[in-house]
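K.L.:
Chains as they are written, first to last, in our numbering: chain A, 64 to 231; chain B, 64 to 231.
These are computed hints drawn from the structure, not numbers from a lab. The structure presented is a predicted model; accordingly, all values stated were derived computationally and were not measured. Any given hint might turn out to be false.
Identical chains share a label here; the pair holds if one copy fits it or two copies do between them.
[To be verified] In silico SDA-like links for lysine to any residue, alpha-carbon gap of 25 Å or less: (1) LYS106 - VAL204; (2) LYS184 - GLU112; (3) LYS191 - THR116; (4) LYS65 - LEU196; (5) LYS200 - ASP94; (6) LYS87 - PHE153; (7) LYS106 - ILE231; (8) LYS184 - ARG102; (9) LYS100 - ASP216; (10) LYS115 - LYS184; (11) LYS200 - GLU112; (12) LYS200 - VAL91.
2 protein chains.
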Amino acid sequence: MKALIISADNFEDMELLFPYYRLKEESVSVDVASMNKGRIKGKHGYEAEANKTLKEVNPDDYDILILPGGKAPEAVRKEERAVEIARHFFKKNKPVAAICHGPQTLITAGLLKGRHATCYKSVAQEMKEAGALYEDKEVVVDGNLITSRQPSDLPAFLRELVKALRRI
Amino acid sequence: MKALIISADNFEDMELLFPYYRLKEESVSVDVASMNKGRIKGKHGYEAEANKTLKEVNPDDYDILILPGGKAPEAVRKEERAVEIARHFFKKNKPVAAICHGPQTLITAGLLKGRHATCYKSVAQEMKEAGALYEDKEVVVDGNLITSRQPSDLPAFLRELVKALRRI
């Protein structure tokens with residue numbers, strides 16, 4: 064079992080580190096990919112080690128994709144390779160879990176049309192305009208897609224994420 | 064199932080919030096107790112809501128005690144009520160999970176003599192002087208006592224904590 068987290072500097076610390084630690088608790092191997100290898104820094108000063116560049120990622124190697132929030136998705140969504148990786152997961156119907164601003168990468172990838180989803184409140188308008196069926200709930204599951212709004216939704220987000228992993 | 068977290072300002076954010084969210088994921092009810100009710104602030108700027116004062120806590124109501132680290136334990140260990148609560152959990156053989164500087168409250172309570180345990184490296188000397196059998200491992204389980212060293216040990220810490228809860 065292998066998980067991929069895509070993020071960058073200014074990630075929302077808890078939204079990256081909570082899934083990262085939680086998956087390690089489940090003995091799932093986790094790679095963190097970013098534009099460059101090395102440490103990326105969260106808004107609150109925590110650090111995470113990006114052990115892959117986006118270019119190095121072979122999405123076939125992974126069972127689940129996690130897109131944390133913060134300001135990182137603003138940069139991630141501009142990376143064509145990140146958008147391609149997201150499309151791969153949807154095409155193969157593999158779980159994608161995005162929280163807060165994380166779904167912005169999925170909006171750019173054009174993957175949310177007609178899909179039930181949620182996100183941080185300031186992203187809601189953009190999500191609706193992308194054709195998503197936005198819901199203001201702690202977690203929304205629609206097929207392979209798991210979305211949440213904010214750090215306080217992490218318990219529900221991880222409950223569904225781990226459930227999806229156990230179905231694999 | 065009910066959990067009690069005891070902490071104060073300057074808690075290590077991840078060490079309080081990760082168990083807090085993780086237990087909520089398991090649908091465990093969690094109270095946070097501190098000297099006063101209201102928001103307490105972590106070293107990295109996250110906040111947690113202390114919904115009980117130490118005086119209000121009836122330890123009989125709880126199945127597990129969690130002591131996160133940071134600078135909070137330095138203040139918590141000076142509170143006689145916090146020390147009494149910790150003693151209650153040991154007397155009743157209920158799980159106590161302490162990480163980083165968290166075990167300092169157990170040292171003050173005189174609860175670690177002859178017990179296998181770990182803690183943050185700067186606390187190790189004090190822990191040994193209190194009679195504990197210190198081990199430099201990501202998690203040490205000795206009967207009801209679960210201890211870890213630092214935030215990066217959280218996956219192992221929570222794995223054992225959840226295991227202990229499932230035995231109740």
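K.L.:
Now tell me, hint by hint, if it's right for this structure.
P.N.:
Do the hints match the structure? See the list:
1. With identical chains, the CA atoms of LYS106 and VAL204 are never at most 25 Å apart, being 27 Å at best within one copy and 34 Å at best between copies.
2. For the homomeric pair LYS184 and GLU112, the shortest alpha-carbon distance between copies (22 Å) is at most 25 Å, but the shortest distance inside one copy (29 Å) is not.
3. Proximity of LYS191 and THR116 under a CA criterion of 25 Å is satisfied in neither setting, with 31 Å inside one chain copy and 43 Å between copies.
4. In the homo-oligomer, the alpha carbons of LYS65 and LEU196 never lie at most 25 Å apart, since the shortest distance is 29 Å inside one protomer and 36 Å across protomers.
5. For a Cα distance limit of 25 Å, the shortest separation of LYS200 from ASP94 across copies, 23 Å, qualifies, whereas the shortest one inside one copy, 28 Å, does not.
6. With identical chains, the CA atoms of LYS87 and PHE153 are at most 25 Å apart within one copy only, with a shortest distance of 24 Å there and 29 Å across copies.
7. Taking the shortest alpha-carbon separations for LYS106 and ILE231, neither the intra-copy value of 33 Å nor the inter-copy value of 38 Å comes in at or below 25 Å.
8. Proximity of LYS184 to ARG102 under the C-alpha cut-off of 25 Å is restricted to the inter-copy arrangement: shortest distance 23 Å between copies versus 29 Å within a copy.
9. When the C-alpha separation of LYS100 and ASP216 is checked against a cutoff of 25 Å, the pair qualifies only between copies, where the shortest distance is 23 Å, while the shortest distance within a copy is 29 Å.
10. For the identical chains of this complex, LYS115 and LYS184 are neighbours neither inside a copy (31 Å) nor across copies (30 Å), given an alpha-carbon limit of 25 Å.
11. For the homomeric pair LYS200 and GLU112, the shortest alpha-carbon distance between copies (22 Å) is at most 25 Å, but the shortest distance inside one copy (31 Å) is not.
12. Taking the shortest alpha-carbon separations for LYS200 and VAL91, only the inter-copy value of 20 Å comes in at or below 25 Å, while the best intra-copy value is 27 Å.
Violated hints, listed in ascending order, are 1, 3, 4, 7, 10; each of the other numbered hints is respected by the structure.
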